Amino acid sequence: MDNTHQGASASAGLSKYVTLISSDGFEFVVLREAACISGAIKRMLDPKSKSSLFHSSELCSHPQEKPKPVYLRTLLTFTHSGIVLEKVAEYFYYNYKNRDREDVPDMEIPPELCLELLMAADFLDT
Amino acid sequence: MDEDELPLPKLAWDPSTNSFTNHRSRKRTRSTPPPFSSDPALFSSDDDPSADNYTQERRKRKFRGPWYQQVPADEADQKKAKRSFQRQHDSGVFMGSDGTDLDEPFEHTELKLPLLPLRRSRLQAQLQSSQRSAEDAAREEIERCLESGDETIELSSRGLTTLSNATIRPLATFTRISEHGFSQLKPSLKVFLASNDLTNLPEELCKLESLSFLSLRNNVFRELPPAIGHLHNLKELNIANNRLRYLPFEILELFSTVSHLKDLRLHPNPFLELPQDQLDDESSQPESDEQHTSSRSQHGVKHASLTSRIFAPYEWNPEWTATYKSRTDVRYLESNGTFVKGPDFSSSDDSDSESGSSMLLEAVDSIPVPPEPRGNYNSRAPSLLEVALKTCSQSPQLPNLASFLHEECPEYLFSLMANLEAKKESGGSKCTICKRTFFMPRTEWIEWWDIAKTVGTASASPSKPGNQRDAVERIIPLMRRGCSWLCVPKSGDTGVSDQMALD
Chain A
1 MDNTHQGASA SAGLSKYVTL ISSDGFEFVV LREAACISGA IKRMLDPKSK
51 SSLFHSSELC SHPQEKPKPV YLRTLLTFTH SGIVLEKVAE YFYYNYKNRD
101 REDVPDMEIP PELCLELLMA ADFLDT
Chain X
127 MDEDELPLPK LAWDPSTNSF TNHRSRKRTR STPPPFSSDP ALFSSDDDPS
177 ADNYTQERRK RKFRGPWYQQ VPADEADQKK AKRSFQRQHD SGVFMGSDGT
227 DLDEPFEHTE LKLPLLPLRR SRLQAQLQSS QRSAEDAARE EIERCLESGD
277 ETIELSSRGL TTLSNATIRP LATFTRISEH GFSQLKPSLK VFLASNDLTN
327 LPEELCKLES LSFLSLRNNV FRELPPAIGH LHNLKELNIA NNRLRYLPFE
377 ILELFSTVSH LKDLRLHPNP FLELPQDQLD DESSQPESDE QHTSSRSQHG
427 VKHASLTSRI FAPYEWNPEW TATYKSRTDV RYLESNGTFV KGPDFSSSDD
477 SDSESGSSML LEAVDSIPVP PEPRGNYNSR APSLLEVALK TCSQSPQLPN
527 LASFLHEECP EYLFSLMANL EAKKESGGSK CTICKRTFFM PRTEWIEWWD
577 IAKTVGTASA SPSKPGNQRD AVERIIPLMR RGCSWLCVPK SGDTGVSDQM
627 ALD
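The listed protein sequences derive, respectively, from chains A and X. Just so you know, our numbering puts 66 at position 66 of the first sequence, and the rest follows in order with no gaps. Just so you know, our numbering puts 309 at position 183 of the second sequence, and the rest follows in order with no gaps.
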């Protein structure tokens with residue numbers, strides 16, 4: 001399934017990876033396929049979606065400008081800190097890795113991050 | 127010569143082994159029981175060999191026979207408080223040095239008595255809630271039962287609206303000590319919570335192993351926690367006259383061999399009923415079954431348990447039969463609890479008739495189709511929201527967590543946190559397909575199971591077809607929940623049952 005999708009994304013000129021940038025400047029390079037588990041990121045990256053114009057980093061500061069071709073966009077900045085975004089990226093891969101498994105192991109997150117991750121989950125729609 | 131010979135004992139023909147056998151024991155028989163080979167051991171106890179015990183004449187307990195069969199002969203004497211060598215405060219003898227000591231106890235009692243109620247009343251004034259005091263009363267009652275060893279905990283008609291885990295927890299320590307002193311008996315607790323305004327059952331109650339009777343009659347329960355299936359020693363359960371539209375799927379555990387349920391009162395409750403046409407199909411089936419039972423009366427029970435095992439998630443208790451009948455379409459939910467697709471049965475609480483008619487029954491062999499995934503695929507992995515909520519629920523700070531939430535975050539997160547706390551109180555739930563503990567259900571569907579007492583139906587079978595209502599009431603809707611969009615019933619019943627051997 002992902003093969004066909006990656007094939008599709010490659011043919012559409014989409015990069016295989018996307019970069020998530022935290023508010024304090026950390027960058028996380030994540031497989032596009034994995035990051036698209038998040039409904040919000042998927043919408044941001046979707047070439048056809050309108051919401052992508054406003055949520056994505058480079059463009060949201062200048063919404064009046066003519067948007068660049070969307071498929072080029074692989075950088076996404078977030079208001080979350082690097083610590084949170086790291087866990088988010090970890091979750092993306094956790095979900096991606098276990099997508100076909102019957103018995104999915106539990107993912108552990110540090111308790112002090114649970115509220116921030118709760119809000120991140122709400123924002124990212126995952 | 128022949129007459130002198132003693133007749134040989136007769137041999138018996140054993141058809142199973144095809145041979146003669148001698149049933150007689152080789153030992154000589156006695157008309158009287160054999161005398162004791164020696165006198166039973168006689169010993170006396172010296173449990174507490176401290177010197178204090180020997181200051182006055184002391185009656186020793188005498189035992190006969192091995193120690194493990196002992197019943198102390200002088201139980202009554204034992205109960206008499208032993209006099210100790212402690213100084214008596216009010217000896218009646220005035221001594222000069224005692225002057226100060228004498229006043230002290232008086233001072234204590236006089237001061238303490240008014241102090242305690244004062245503080246209490248101030249606290250109650252602060253709380254200003256009648257339900258708090260209702261639960262306090264319940265707590266005191268439980269305390270009293272624990273003290274006196276009373277197994278019947280009568281908390282009916284006390285106006286209880288909530289019952290917390292902390293109130294119930296002491297009951298877990300309930301022990302019954304036998305009069306014989308050497309062994310601890312297993313208590314069998316009876317908890318009456320009838321005619322209150324309860325909506326939630328605390329988890330601790332479902333953990334009480336010694337609970338044998340539970341009455342929740344006449345409350346306002348809309349749902350029972352799945353943890354109720356853990357009450358394996360429950361003999362009687364009364365949940366009549368509540369607002370239950372369905373029962374948790376886990377309640378089937380009470381009909382399995384590990385449980386000891388004898389009596390179950392479910393009605394009246396506004397249960398979702400199996401649509402009529404479906405019922406007609408089903409009611410024709412039992413009739414043919416009854417014809418069978420008449421012809422094979424002695425094998426009837428066995429056969430019934432055998433047929434039910436085909437669809438059975440558990441090994442059924444021979445006293446009960448539970449058979450899968452039908453199920454609704456699967457209702458899919460988003461990770462934050464919003465509805466995606468499927469029938470609507472849990473939310474519409476007031477419009478009974480409407481939801482009853484809109485209930486979609488699923489053909490037995492249909493495969494549920496999950497909605498379009500948010501990502502590119504559906505997976506069994508929990509959502510990030512679920513993972514975060516799970517970590518929250520494990521935190522000891524759970525009640526305070528909601529106050530740390532950012533003010534700008536959406537309203538539903540606050541209610542989620544409140545729900546999370548309530549859910550934790552009532553014991554959480556497990557996916558009925560993959561057993562993962564979850565907080566937000568992603569799939570829900572209702573299965574109708576025909577639950578009946580084996581003995582009862584056998585005797586009542588002649589009158590059964592006449593009473594249509596009985597047949598309807600035997601069919602109980604059970605709510606099943608799954609933790610991911612892939613946790614859905616597999617095609618056909620047998621597939622489902624193979625999946626979910628729950629214990």
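The set of hints was computed from the structure by calculation and includes no laboratory data. Being a predicted model, the structure only gives us computed values, none of them experimental. Wrong hints could be hidden among the right ones.
The following label-pair restraints were derived from C-beta to C-beta distances [said to hold, decoys possible]:
no., chain 1, residue 1, chain 2, residue 2, range
1, A, D106, X, F530, 22 to 28 angstroms
2, X, T464, A, D103, 40 to 46 angstroms
3, X, E266, A, T79, 48 to 54 angstroms
4, X, H358, A, D103, 45 to 51 angstroms
5, X, V384, A, E27, 51 to 57 angstroms
Where a beta carbon is used, it is the ideal one built from N, C-alpha and C, also for glycine.
Comparing the hints with the structure gives:
Take A:D106 and X:F530: their Cβ atoms lie about 24 angstroms apart, and the range 22 to 28 angstroms holds. Taken as a hint, the range 40 to 46 angstroms is violated for the pair X:T464 and A:D103, whose Cβ atoms sit roughly 27 angstroms apart. At about 52 angstroms, the CB distance of X:E266 to A:T79 agrees with the hint of 48 to 54 angstroms. Range check, X:H358 to A:D103: Cβ separation about 26 angstroms, and the 45 to 51 angstroms hint is violated.
Checked against the given bound of 51 to 57 angstroms, the beta carbons of X:V384 and A:E27, roughly 54 angstroms apart, stay inside it.
In this structure, the earlier hints numbered 2 and 4 are contradicted, and the remaining ones agree with it.
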